[in-house]
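S.K.: Listed below, chain by chain, are the residues.
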Amino acid sequence: SQQGEEDPQALSIQEGENATMNCSYKTSINNLQWYRQNSGRGLVHLILIRSNEREKHSGRLRVTLDTSKKSSSLLITASRAADTASYFCATDAGLGLVFGQGTRLTINP
Amino acid sequence: DAGVIQSPRHEVTEMGQEVTLRCKPISGHNSLFWYRQTMMRGLELLIYFNNNVPIDDSGMPEDRFSAKMPNASFSTLKIQPSEPRDSAVYFCASRDRVAGELFFGEGSRLTVL
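Taken in sequence, the protein lines are chains A and B.
Quick note, the first sequence lines up with residues 42 to 150 if you use our numbering.
Quick note, the second sequence lines up with residues 354 to 466 if you use our numbering.
Please note: incorrect hints may appear among the correct ones.
[Said to hold, decoys possible] Label-pair ranges, simulated between beta-carbon atoms:
1) 93/A to 380/B: 23 to 33 Å
2) 409/B to 110/A: 26 to 36 Å
3) 150/A to 411/B: 38 to 48 Å
4) 373/B to 79/A: 37 to 47 Å
5) 95/A to 373/B: 41 to 51 Å
6) 361/B to 107/A: 35 to 45 Å
7) 102/A to 381/B: 25 to 35 Å
8) 436/B to 118/A: 43 to 53 Å
9) 427/B to 150/A: 41 to 51 Å
10) 136/A to 462/B: 20 to 30 Å
11) 65/A to 394/B: 11 to 21 Å
The hints are simulated quantities; they were obtained by calculation from the structure and are not laboratory data.
Remember, predicted model here, so these are calculated numbers, not experimental data.
Glycine included, each C-beta is placed from N, C-alpha and C at the ideal position.
Next comes chain A alone, as it looks inside the complex (with noise of 0.2 Å):
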């Protein structure tokens, strides 16, 4: 069953612009992670946010983490065309990670 909700399921943007997809979860967890899916491939790890942080930064990416209200988001900013694709968040609390259904991202040259 899936644990993490990603809102919203879908999001189109224009290149340059920042693009903000959030993911909420329902129990306690180790930590939250995210992953990018481009279209007929495997997932990619982007970014992983243990349950005693708040913040983190990987490059243009920037993950915020509340867990008294168990949600999560994550900021692409200046977004380009290559990052089109379905990102998800997983959260691990011991027992394998779950994901969410996903957020499908079209950046627009």
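Assemble chain B onto chain A, guided by the hints.
M.R.: Chain B only, in chain A's frame:
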């Protein structure tokens, strides 16, 4: 490193046939996961192994599904007999430490007619 290797990449079979999907994790990784991805249900965790031992198989849909990991470098997911509703992309992933990131293979796309 070659990454997680899955085979076959594509399989088309008829209902009732046995299907075997294979996975070679990254060398040195001690945890292996099998996921199934469909449009309707998203990514579902089927089973995961730690040090070749199955830890949680509660996601395996039914007795038609079985998974083995005879050694640290090989795992199989078997469906017998296959049904059209088993059509999906099956992913294998591995990691080298608890609570770390997963490394995914490119998936095996199964179509059961």
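S.K.: Does each hint fit the structure? Answer for all of them.
M.R.: Consistency of the hints with the structure:
1. Between residue 93/A and residue 380/B the C-beta distance comes to about 31 Å, which sits within the given range of 23 to 33 Å.
2. At roughly 27 Å, the beta-carbon separation of residue 409/B and residue 110/A lies within the given 26 to 36 Å, and the hint holds.
3. Between residue 150/A and residue 411/B the CB atoms are about 44 Å apart, so this pair conforms to the stated range of 38 to 48 Å.
4. In this structure, residue 373/B and residue 79/A break the distance hint of 37 to 47 Å, their C-beta atoms being roughly 27 Å apart.
5. A hinted range of 41 to 51 Å for the beta carbons of residue 95/A and residue 373/B is consistent with their spacing of about 45 Å.
6. The hinted window of 35 to 45 Å between residue 361/B and residue 107/A holds, with their beta carbons roughly 42 Å apart.
7. Checked against the hint of 25 to 35 Å, the pair residue 102/A and residue 381/B passes, with Cβ atoms roughly 27 Å apart.
8. For the hinted restraint 43 to 53 Å between residue 436/B and residue 118/A, the CB-CB distance of approximately 45 Å keeps it satisfied.
9. The beta-carbon spacing between residue 427/B and residue 150/A, approximately 43 Å, falls within the hinted interval of 41 to 51 Å.
10. The hinted range of 20 to 30 Å is satisfied by residue 136/A and residue 462/B, whose Cβ atoms lie roughly 27 Å apart.
11. For the hinted restraint 11 to 21 Å between residue 65/A and residue 394/B, the CB-CB distance of approximately 18 Å keeps it satisfied.
In summary, the one numbered hint that this structure violates is 4.
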